[in-house]
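Peer 1: Below, each chain spelled out in residue letters.
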Amino acid sequence: MNAVSPAQPGCSPGRARSAGIDGQGSDAAGAAEIEQAAGQLRERIDRQFRRSLHIRTLDTGSCAACEQEIRLLAAPHYDLHRLGFFFTPAPRHADLLLVTGPIVRAMDVAVRKTYEAMPGPKIVVATGACALGGVLGPDAFVHGAVDAVLPVDVWIPGCPPSPLALLHGLLVAVGRLAGKAGELAFVTEGTPR
Amino acid sequence: MPAWFLRGLRRGVVTTRYPDRPDPSAADLPTPPRFRAGQLTAGVAGRLVEVCPSRALWREDDVLVFDAGACTGCGRCERAAPEAVTASGEFELAVTARDHLIKRIPLPRQPRP
Amino acid sequence: MTTTEPGPAAVLKEIPRVAGHAQVRDDGRLVTVRVPAAQLEAVAHLLAATADARLADVFAAEDGAGAEAGTAPGSVMLRLVWGLDANQRYLVVESVIENERYPSLSDIAPAAFAEECEIYEQFGIRPDTHKPLNRVMLPPQAGPDFPRLGHPPAQPPADVHAPHVVGGHAFEFPVGPVRQLGAESLYYGLVTSGEEVVDLYLFTWHKHRGVEWRLRGRDARDALFLVERMEGLSAVANGWAFASAAESALGIQPARPAVWARAIALELERLYNHAAALAALCQTTGLSVGQSAAEIALERFLRVNAAVFGHRYLFGAVDVGSPGRMPDLGRLRGDLPGAYGELCRAADALLRTNSFVDRLEATGILSAEQARRLGLVGPVARASGVTIDSRADHPAAPYGKSRATAVTRAEGDVLARLQVMLGEAAESVRLIGELARAADAGGSLADLVPGGNPRGAGLGWAESSRGESLAWVAFGDDGLITRARLRPAAVRNWRGFDDACRSQNVFTDIPIIEASFWLTVAGTAR
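Protein chains in written order, with this note's numbering: chain A, 1 to 193; chain B, 194 to 306; chain C, 307 to 832.
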């Protein structure tokens, strides 16, 4: 089974937005300069995405509930257009790939082609418990999680994630909101390690 | 055409103010659990791991590991041990690093025989 | 249909005679009969000739402990599920197939062809004809080691493909599997001569997750979790069908609160799906204002679901033996009328909008004969004049007391399907009112201990928004599943889609017809 190759060389998994900056300078000063340039480039990219973003949806084997919630993002109650987000059917125009499902292996070719058809810089958002490794596990039918196959930037839990959770996730993806679940303990009377 | 226009005006704006203001409909959404660490005995933890249908709870020695990413909010853990588990009410769960969703909850150590 | 055809009640007496001393078990709702393989063809002919007998499903299971891997297929139990709708019974005909061949069922009932293909892929047994069997469920990469319910077939199934040139004027146009905004992955090969649809075939195996394979070895509650998430938009219907099959197999009587809570959830599921179908019809006809109005109704229904059952898609509303969650009847009474009012206002305005109705009339016509021959169910069948509705034909509690009236039309076009859905929505609201009034309080989780006379295997059904959803499950002595069969309505109704798209339809009609069917790919790919 052909696995989709991870991001372009130089990108660490999960930061696919940086475009091929290789941090190995020949001297420390050179390396620091390159790092700074990378940071500035990332910021410029974030600024471009922040207020106007085109989204391509990709169903890799969901139960269809995630798709229904995604479709409702454009509905009057949520209206993602007011936040500068738009859906596009053309991967060439897309900035963000919104992936649902556990990546059924039969979709490998389609997933790879969709990802590679999107020009960099691009953001990958995995949404739903199936896409995050829950519900089904990796086996002969499915890869089990989107980050097994694509470099994911933002993970949105839920089964299905409600449109509010999706809006939160999209805003996190463009840096307008901070992801806060890292600070949440999900514990009372005791702290997690 | 005018009928549609008037109907729209009469209904008013239904669009949520989120993220500028919280949305009241969020109160009805299912959410991942919150654990009362003090109530999590080894026995309770074992029951929770067994009852979770989505691979979101597992044991590592004396730690209960909870993966909020794999959690579907089904509530079976809460029903299995209501004294130890409640709904967290959190739905803004998106993260930029997968391990931000993995929580390690220490269990009381087993007394040595 | 002639007047000399036997009705279902008569045929039940005929079968033992035709099948040679076959044992018939009848519990008033489900009839099971085991038939020797040699007599299977005669029984199938008899049933196919019976008025009001409908082949609802065909599936297989390894017989007994199953054969070891690497050997030729051991004996396989073939099961045919017939809906004897006028007799309010389902008939399961079981037959042990020993040498990889069984009489061709699709020659007798064309609706069985896709199931024969599926059985071939999963069990390696095939009908005794030379007709090639198509790939339907497993992807092309599925070699002999791919997980299956039985043994791999000796020859791989044929790939459906249309000739690239049809009379020198047609060409094939691949669409998908990745499609536009929020549409499920689905491949269809469109054969066209320019505008007209000459042929259309679907590949749905991109989303095959092997749900039936995964259910083996699970207990009923763990299995139900997956069954809900097989096809999320029919979670209640598929969950109910599975739960009632499990209850029947384990000898569990569902608690009374469970029974009416399930029905409320099922009708709520029907309501939001029909609203979503209306929104999809507006989207495909390019009416964004109508789409917004329908989406407002849809969102309000989903919020009612969250308020009443704690989940927008009603996951967790059904459980085996007990209520999954107790519905909040106060919120139901408070919030539902407003949501339904939105749907009514949108629908009324749209049905008076010529630019909308013109696109729907005479589009995607399916005749009653086509619907019957293909074994279609649900609003698609009812809009073509085939009056089947498992709530009315096979009333499981509480539909025995709170009767559901099937809504039918005769035209068979997209407009008729929409009108059936809108009529059903009104009926659902009425039913919910009745069920809420009959409410009991209380109920707790049932222990999954077999009680009474556990039969070990059971059939369950529910009428989803898309049509009749069937489930059959067999448990071992340890209470774990040995075989589960899930047949959501989508498995049946997708095969009507290409017929509906041919004949006088143009390209731009295809999304409209797809919206009027309102199926899911997940439900057929499983």
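Everything labelled a hint here was simulated from the structure, so no lab data went into it.
Treat the hints with caution; some may be incorrect.
What the hints assert, rightly or not - Computed spacing ranges between beta-carbons, pair by pair:
no.	chain 1	residue 1	chain 2	residue 2	range
1	A	Q48	C	R736	28 to 34 Å
2	B	V206	A	L177	45 to 51 Å
3	B	D292	C	Q447	31 to 37 Å
4	C	T693	B	D292	40 to 46 Å
5	A	A148	B	A235	48 to 54 Å
6	A	A148	C	P643	27 to 33 Å
7	A	A140	C	S381	44 to 50 Å
8	B	G231	C	R736	47 to 53 Å
9	C	A354	A	V109	37 to 43 Å
10	C	P643	B	V206	17 to 23 Å
11	A	P119	C	P438	38 to 44 Å
Just so you know, even glycine gets a beta-carbon here, dropped at the ideal spot from N, CA and C.
Peer 1: Hint by hint, say whether it matches the structure.
Peer 2: Status of each hint after checking the structure:
1. One distance hint, 28 to 34 Å for the beta-carbon pair Q48 of chain A and R736 of chain C, is violated here, with the actual separation near 53 Å.
2. Separated by about 22 Å at the C-beta atoms, V206 of chain B and L177 of chain A break the suggested range of 45 to 51 Å.
3. Hint check: D292 of chain B to Q447 of chain C, Cβ distance near 32 Å, so the stated range 31 to 37 Å holds.
4. Range check, T693 of chain C to D292 of chain B: about 56 Å between beta-carbon atoms, so the 40 to 46 Å window is missed.
5. Between A148 of chain A and A235 of chain B the beta carbon distance is about 32 Å. The supplied range of 48 to 54 Å is therefore violated.
6. Checked against the hint of 27 to 33 Å, the pair A148 of chain A and P643 of chain C fails, with Cβ atoms roughly 47 Å apart.
7. Between A140 of chain A and S381 of chain C the beta carbon distance is about 26 Å. The supplied range of 44 to 50 Å is therefore violated.
8. Between G231 of chain B and R736 of chain C the beta carbon distance is about 50 Å. The supplied range of 47 to 53 Å therefore holds.
9. Roughly 41 Å separates the CB atoms of A354 of chain C and V109 of chain A, a value that falls within the hinted 37 to 43 Å.
10. Checking the proposed 17 to 23 Å range against P643 of chain C and V206 of chain B shows it holds: the Cβ atoms sit about 21 Å from each other.
11. In this structure the hint that P119 of chain A and P438 of chain C lie 38 to 44 Å apart at CB holds, the actual value being about 43 Å.
Comparing the model with each numbered hint stated earlier shows that hints 1, 2, 4, 5, 6 and 7 do not hold.
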